[in-house]
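The listed protein sequences derive, respectively, from chains A and B.
Under this note's numbering, the first residue of the first sequence is numbered 22, with each subsequent residue one higher.
Under this note's numbering, the first residue of the second sequence is numbered 250, with each subsequent residue one higher.
Just so you know, the hints here were simulated from the structure itself, not pulled from any lab data.
Quantities reported herein were computed from a predicted structural model and do not represent experimental measurements.
Glycine is no exception: its CB is placed at the ideal position from the N, C-alpha and C atoms.
Watch out, some of these pointers could steer you wrong.
As the list claims (entries may be wrong) - In silico contact screen, one side only, chain A against chain B (beta carbon under 8 Å); selected entries: (1) 43; (2) 82; (3) 146; (4) 213; (5) 217; (6) 241; (7) 256; (8) 259; (9) 261; (10) 266; (11) 273; (12) 288; (13) 321.
So the chains spell out like this:
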Amino acid sequence: MIEILSDTALATVQDLGRTGALNWGVGTSGAMDPLALAAGNILLGNGAGAAAIEVQVFPFLVRFAEPCAFALTGADCAASLDGRPLLPWCSAEAAAGQILRLGLPAAATWRASRAYLCLAGGIDVPAVLGSRSTQLRGAFGGHDGRALRQGDRLAAVAPGAGQRPTGLGAVPPAFCLPLSQDGLPAIRVLPAAEYDRYTAASRAAFWGEPWRITPQSDRYGYRLAGPTLTPSAPIELRSHGIVPGVIQVPHGGQPIVQMRDAQPSGGYPKIGTIIEADLWRLGQAPIGSRLRFVETDWETALAARDANEAWLANLARLADLRRIAT
Amino acid sequence: MTSITLLGTTALLFDAPGETDLPTQQRIWALAREVETWPEVREAVPGMNNLMLVFARAPRHLAALEARLRDAWDAAVPLPREGRLVELPVTYGGDAGPHLADVVAHTGLTVDAIVALHTAPDYPVFALGSHPGYCYLGGMDPRITTPRRKVPVLSIPGGAVSIGGSQTGVSASTGPSGWNTIGSTTMCFFDPTRDPPALLRPGDTIRFRAERVIR
């Protein structure tokens, strides 16, 4: 059991997302950085579907009411346990009464905005419609269907002292799988249905100019600021299914990237879609930061997926070796 | 022409040709029932005369899947669905419909004419989407077609009755929307503890009744 001590906002329980409920209008939710969540679960020996706390406002403090193994991944936020510094992307064990503190994400190591606190066995909340992820719009899933508040108490599925080896770490994907273009973080995009209906100048600007993540950005979507994207003729579409990563262009010409809490359908024109393998990069991109979109193709996109999976598989292999050796 | 386009590596979008109508949607339902049995497809999600196929895992070779999809569409025959009729009392205009004036401005019609046109049809539920329990409806009179808003509104209350392009619908919960809110109603469209969790499903019908019109 842990208790949320900070007067926090916007922290939610997330797993890898809800599948199978799109036909009821229920979006996927899930971790904004699924690679960090998956790595945290691997470090702890949790199942791939285990839920964790996604933290996006700092500082964030919790007290452990009982001994429990945990792992921290995502942003490097100078974490400490009762004041003792913890390495980022590492598993550790807390004793009863100890206080874990996550500070502001450090920009010096790698720029990221969300941290994941994984507990042994995962966060013990009921699965709703097949997932433990918080569905904020529908107010279900996660912890009472809402963001965590000061005083909330959450149980781990498998608490206890010495239950599993800790002290295992990973080199973050920001170092192992870096991607940049002309000095800015790069995000790979496949053109979408309405791409060809934008003017040549707009298409060139889409790839050529940097995009800034505006403060009106959250788990639902990122509103970007940059050159105005103009279709050759006005576009009105019938509503259709969309997915996290779709880059829509409302009539104003400034794109919106749909993120994890995005609705599962929409009708704005789509200029492109971020490949699934790069969604974690955008999920970690801080508000105010800039990025570039890079055009990619199907083969490169699948190779990127394979690279992510190989990175996770290698981490899982090392974690298994560690458990065997312990 | 049917079109098949990519939604990144996550999904394919199939769009049927022609004007939006119920017989085409019935073929979309039939297509969804077929493709959701394919191992490459995790979910088949109907939209308005279109279908999203979410990959179980993005396949190496897209061309074969796209060819099968076209063949399945050619073979699909309309799948009729008998459903329930649900009548919703609506307050049009005023605080309940802050964008009704925009529909007036765009269409050049009076408030009374817009309400009359909006309450006239029985609207078949084509698909669910947008947010939990939300229904996409067919059958809106094209005379009240109004473009989606230039900038989406950050929060529209549950029960909001709205027009987006050539479509109309009712918000099932509070959230952002790019549609024009013309009125409001009260109805619980979604409960995750129910089975099924959504009140309505494709094939059901909604009828709007003007309970009050604020001019």
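These are the hints, each one checked on the structure:
1. Taken as an interface hint, residue 43 (chain A) checks out: its beta carbon lies about 5 Å from the nearest beta carbon of chain B, inside 8 Å.
2. With 8 Å as the threshold, the beta carbon of residue 82 (chain A) stays out of range of chain B, its nearest partner Cβ sitting at about 30 Å, so the hint is violated.
3. Given hint, residue 146 (chain A) at the interface with chain B, is violated; its Cβ is 13 Å from that chain's nearest Cβ, farther than 8 Å.
4. A cut of 8 Å between beta carbons decides the hint on residue 213 (chain A): the least distance to chain B is about 6 Å, and the hint holds.
5. The interface hint given for residue 217 (chain A) is violated, since its Cβ lies 10 Å from the closest Cβ of chain B, which is over the 8 Å cut-off.
6. Annotation: residue 241 (chain A) was flagged as interfacial toward chain B, and the flag holds, the nearest CB pair being 7 Å apart, inside 8 Å.
7. This hint is violated: residue 256 (chain A) has a C-beta 10 Å from the nearest C-beta of chain B, more than the 8 Å allowed.
8. With its C-beta approaching chain B no nearer than about 4 Å, residue 259 (chain A) sits inside the 8 Å limit, and its interface hint holds.
9. Interface hint status for residue 261 (chain A): upheld, as the beta-carbon distance to the closest one in chain B is roughly 4 Å, under 8 Å.
10. A distance limit of 8 Å between C-beta atoms decides the matter here; for residue 266 (chain A) the minimum to chain B is near 5 Å, and the interface restraint holds.
11. Evaluation of the residue 273 (chain A) hint against chain B yields a held restraint, the C-beta minimum of about 5 Å falling below 8 Å.
12. At its closest, the beta carbon of residue 288 (chain A) sits 6 Å from a beta carbon of chain B; the interface hint therefore holds under the 8 Å criterion.
13. Evaluation of the residue 321 (chain A) hint against chain B yields a violated restraint, the C-beta minimum of about 10 Å exceeding 8 Å.
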